[in-house]
Amino acid sequence: MEQASSKNDISLVVKHLQKSFLRGRKKILTDINLAASSGECIGILGANGCGKSTLLSILAGIQKADSGSCLINGRTFISAPKNKRHRPFLVSQMDKQACPPSSLLRRNKKAAWDDIAYVPQECPLIEELNALDNLRLWYCSSPLSLEKELDNGFLAMLGIPDFLKVAVKNMSGGMKKRLSIGCALAKDPNVLLLDEPGAALDLICKERIEVYLKHYKSKGNIILLTTHEEREIMLCDRVFILKGGTLSPLEYDGNIHQLASKI
Amino acid sequence: MYQERIPMKLFIRYACLEAKRMFLSFPRILLGGIFILMLLSGTILFCQQNAAGEKQKNSIRIGVAAQKDEPFVDWMISVVSNMKSMEYDCRFERIDKEDADRLLASGEIAIAFFIPQNYVASIVSGENKHLSIRMGNGQTTIVTFLLKQLSEAASSFILNSEAGIYTMQEYYSHHNLPNKAEDELELNLQYIKDIAGLEKGMKTETIETGNTYPLVSQYIISGFVLFLLLWGLAAGKMLEPRNKAFQEQLINAGMPKGRQLLARGLSFLSTSLVNYLVLFLLISIAMLATGTALPDTMVSDIAGLWRFAACCLPLLLASSVTIQAVYEITGDALGGALLLFFGVLVLALCSGYFYPLSYLPESLQKLAPKLPLYQACQYGLAVLYH
Chain A
1 MEQASSKNDI SLVVKHLQKS FLRGRKKILT DINLAASSGE CIGILGANGC GKSTLLSILA
61 GIQKADSGSC LINGRTFISA PKNKRHRPFL VSQMDKQACP PSSLLRRNKK AAWDDIAYVP
121 QECPLIEELN ALDNLRLWYC SSPLSLEKEL DNGFLAMLGI PDFLKVAVKN MSGGMKKRLS
181 IGCALAKDPN VLLLDEPGAA LDLICKERIE VYLKHYKSKG NIILLTTHEE REIMLCDRVF
241 ILKGGTLSPL EYDGNIHQLA SKI
Chain B
1 MYQERIPMKL FIRYACLEAK RMFLSFPRIL LGGIFILMLL SGTILFCQQN AAGEKQKNSI
61 RIGVAAQKDE PFVDWMISVV SNMKSMEYDC RFERIDKEDA DRLLASGEIA IAFFIPQNYV
121 ASIVSGENKH LSIRMGNGQT TIVTFLLKQL SEAASSFILN SEAGIYTMQE YYSHHNLPNK
181 AEDELELNLQ YIKDIAGLEK GMKTETIETG NTYPLVSQYI ISGFVLFLLL WGLAAGKMLE
241 PRNKAFQEQL INAGMPKGRQ LLARGLSFLS TSLVNYLVLF LLISIAMLAT GTALPDTMVS
301 DIAGLWRFAA CCLPLLLASS VTIQAVYEIT GDALGGALLL FFGVLVLALC SGYFYPLSYL
361 PESLQKLAPK LPLYQACQYG LAVLYH
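For the record, the sequence lines run as chains A and B. So the first sequence is numbered by my numbering: it starts at 1 and just counts up by one. So the second sequence is numbered by my numbering: it starts at 1 and just counts up by one.
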């Protein structure tokens, strides 16, 4: 029986997640196992093309996993049978036990994706409109008040009020990234998935984002980020290297050369 | 219930923002609209001037030699010159009998009519004096045409005159009035003068050309095809597909791709409608400012123009849906623009708008009436002319 946890006790568990492309010929994720608990920031490192973004997009519900399951607060929201084609007669008894009924899975998915925010590398914004319009889109159905957050909430912390009237197409990369985070946070999520948040940003932008992430973490939320930046690695409580389709824990001692050789 | 309302709120907000985004490209579209308008008016004006120029080029000077006090000559000249069915611009001018041969030889006039003294009176009295025609080389066709028209006019004229004479005679006998033969001719001439004053008795001939619509319709269709091409290209900025990450965020927020498509469609349609209204407003202003209109069509005045705009709304809807579908299917602004451009070009070619249909292969001639562009143009023309 799956039990819902309290809001203060958030957990994210990934079990035996697999993903391949080209009809299984190109295996990206072979066996991903991960567990994150409340107030944790987890960093995922890896070479380009190793599957970091794929992993985050699966957790965000954008891509489908071939097999494996993911649970948030003890509720399964991703459950893929081992057999990719999902033919019922080929699903083993063990898989049946692992998969919750489809109606429950649908409910769990909806609840989970209300709880998980994803900020991809490519900013999901309407380029021609200004920051305020973009924010209004996501905050129209949000439990949070846009005005309040802009006045003294997390949007103010991200420095978004400084460029509210600027069209996205005229924004710098840092502004776009901060705005993307601001939009993603509209649903007041407990888990934040960030795909290389500091890529190509200047130090001031990085600083602003880091300050906010620390604040977000301190509220008991989970952050899962992929990165190549040393500053962001320092922000993480635990760091994993994604290599050969699996995650391996890494003890980072500040030696960047050693880290590079491991990647 | 709450869960259902959230996607609807999101849907409405997304549709509004898409509409706002599309309206931001309004100046560009407005400029495009003005450009198209100028192009359209230019082609129509060019068409009209060209037609006038053709007439001017084909104008024929015709000399009329008659006694200075010969009755009705000037009136007949003016009637024949103003006949709408005149294929050639015939300019009649009075000449002296003695100068006729010289003018014909030098080519200053193409034909000379010699009207004998009291010609009209001779027709009425039955004396029938002969009208002489002298012409230069190579004018036979024109003369035949002119003679046909003149004889039509004259026969109608005489019929009316005779009817008048018999009515007068009946009137005299019925009332036992003196019917003096010497003043009968004068009375008859007076009667003919009355008819002439009313400008009745002339039959206007229309020439069957075989075309359903006049020549100007070809220019209107060309303008419409051009409009479709430019609109299709201008819409690229408005219908540029959203980035994938954005679409996926919307899906996760409870708005599937179908609803996103619907929201974009509604936004595009509303933007197109506003552009359409602005375009017709500009045409109205241009019509008011220049006083130009398309006579014998629905667009003969401002009210007619707006009636035409209302009748063509289905065309706007159909073309908006087509343009959006092309951009959504290609998923790329440049690809969509190219597909639309070549699609419209091919459709216009196969519908016979670049070459006459008779020049195209037989299979295409059969296909043309089934093509959507052909149907749209025929609908537009039917509205315009009927």
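Hints listed in this document are in silico derivations from the structure and should not be mistaken for laboratory results. We treat Cβ as the ideally placed atom computed from N, Cα and C, and that holds for glycine. Hints may contain errors.
In silico DMTMM-like cross-links for lysine to aspartate or glutamate, where the CA-CA straight-line distance does not exceed 25 Å [said to hold, decoys possible]:
no., chain 1, residue 1, chain 2, residue 2
1, A, Lys26, A, Asp66
2, B, Lys257, A, Glu230
3, B, Lys237, A, Asp133
4, B, Lys9, A, Asp133
5, A, Lys219, A, Asp66
6, B, Lys257, A, Glu229
7, A, Lys15, B, Asp69
8, A, Lys217, A, Glu229
9, B, Lys244, A, Asp66
10, B, Lys237, A, Glu196
11, A, Lys27, A, Glu128
12, B, Lys244, A, Asp9
13, A, Lys26, B, Glu248
To spell it out: a stretch of chain A is covered by chain B in this simulated footprint if at least three of its residues, at any positions, have a beta carbon under 8 Å from a beta carbon of chain B; those stretches are [what the hints assert, rightly or not]:
no., segment
14, 58–70
15, 117–126
16, 150–158
Structure-based check of all given hints:
A threshold of 25 Å between alpha carbons decides the hint, and for A:Lys26 with A:Asp66 the separation of about 12 Å falls inside it, so the pair holds. A hinted pair counts as satisfied when its Cα atoms are at most 25 Å apart, and B:Lys257 with A:Glu230 does not qualify at roughly 38 Å. Between B:Lys237 and A:Asp133 the alpha-carbon distance is near 18 Å, which keeps this suggested pair within the 25 Å criterion. Note on B:Lys9 and A:Asp133: the hinted pairing holds, with a Cα-Cα distance of about 15 Å set against a maximum of 25 Å.
Under the criterion of a C-alpha separation no larger than 25 Å, the hint pairing A:Lys219 with A:Asp66 is inconsistent with the structure, at around 33 Å. Between B:Lys257 and A:Glu229 the alpha-carbon distance is near 35 Å, which puts this suggested pair outside the 25 Å criterion. Distance restraint check for A:Lys15 and B:Asp69: the Cα-Cα separation of roughly 116 Å exceeds the 25 Å cut-off, and the hinted pair is therefore not satisfied. Proposed proximity of A:Lys217 and A:Glu229 is supported: the alpha carbons are some 19 Å apart, at most 25 Å.
With a C-alpha separation of about 21 Å, the suggested pair B:Lys244 and A:Asp66 falls inside the 25 Å cut-off, and the hint holds. Only pairs whose Cα atoms come within 25 Å are accepted, and B:Lys237 paired with A:Glu196 is rejected, the gap being roughly 30 Å. Taking the CA atoms of A:Lys27 and A:Glu128, the gap is about 38 Å. The hint is violated against a cut of 25 Å. A C-alpha spacing of about 33 Å is found between B:Lys244 and A:Asp9, which places the hinted pair above 25 Å, so the restraint is violated.
In summary, the hint linking A:Lys26 to B:Glu248 is supported, as the alpha carbons are separated by about 24 Å, within the 25 Å threshold. Counting residues of the segment 58–70 of chain A whose CB lies closer than 8 Å to any CB of chain B gives 3, which reaches the minimum of 3, so the coverage claim holds. For the segment 117–126 of chain A, the stated coverage by chain B is satisfied: 7 residues place a CB nearer than 8 Å to a CB of that chain, which reaches the threshold of 3. Look at the segment 150–158 of chain A against chain B: 0 of its residues bring a Cβ nearer than 8 Å to a Cβ of that chain, fewer than three, so the hint is violated.
Violated hints, in rising order: 2, 5, 6, 7, 10, 11, 12 and 16; the structure is consistent with all others.
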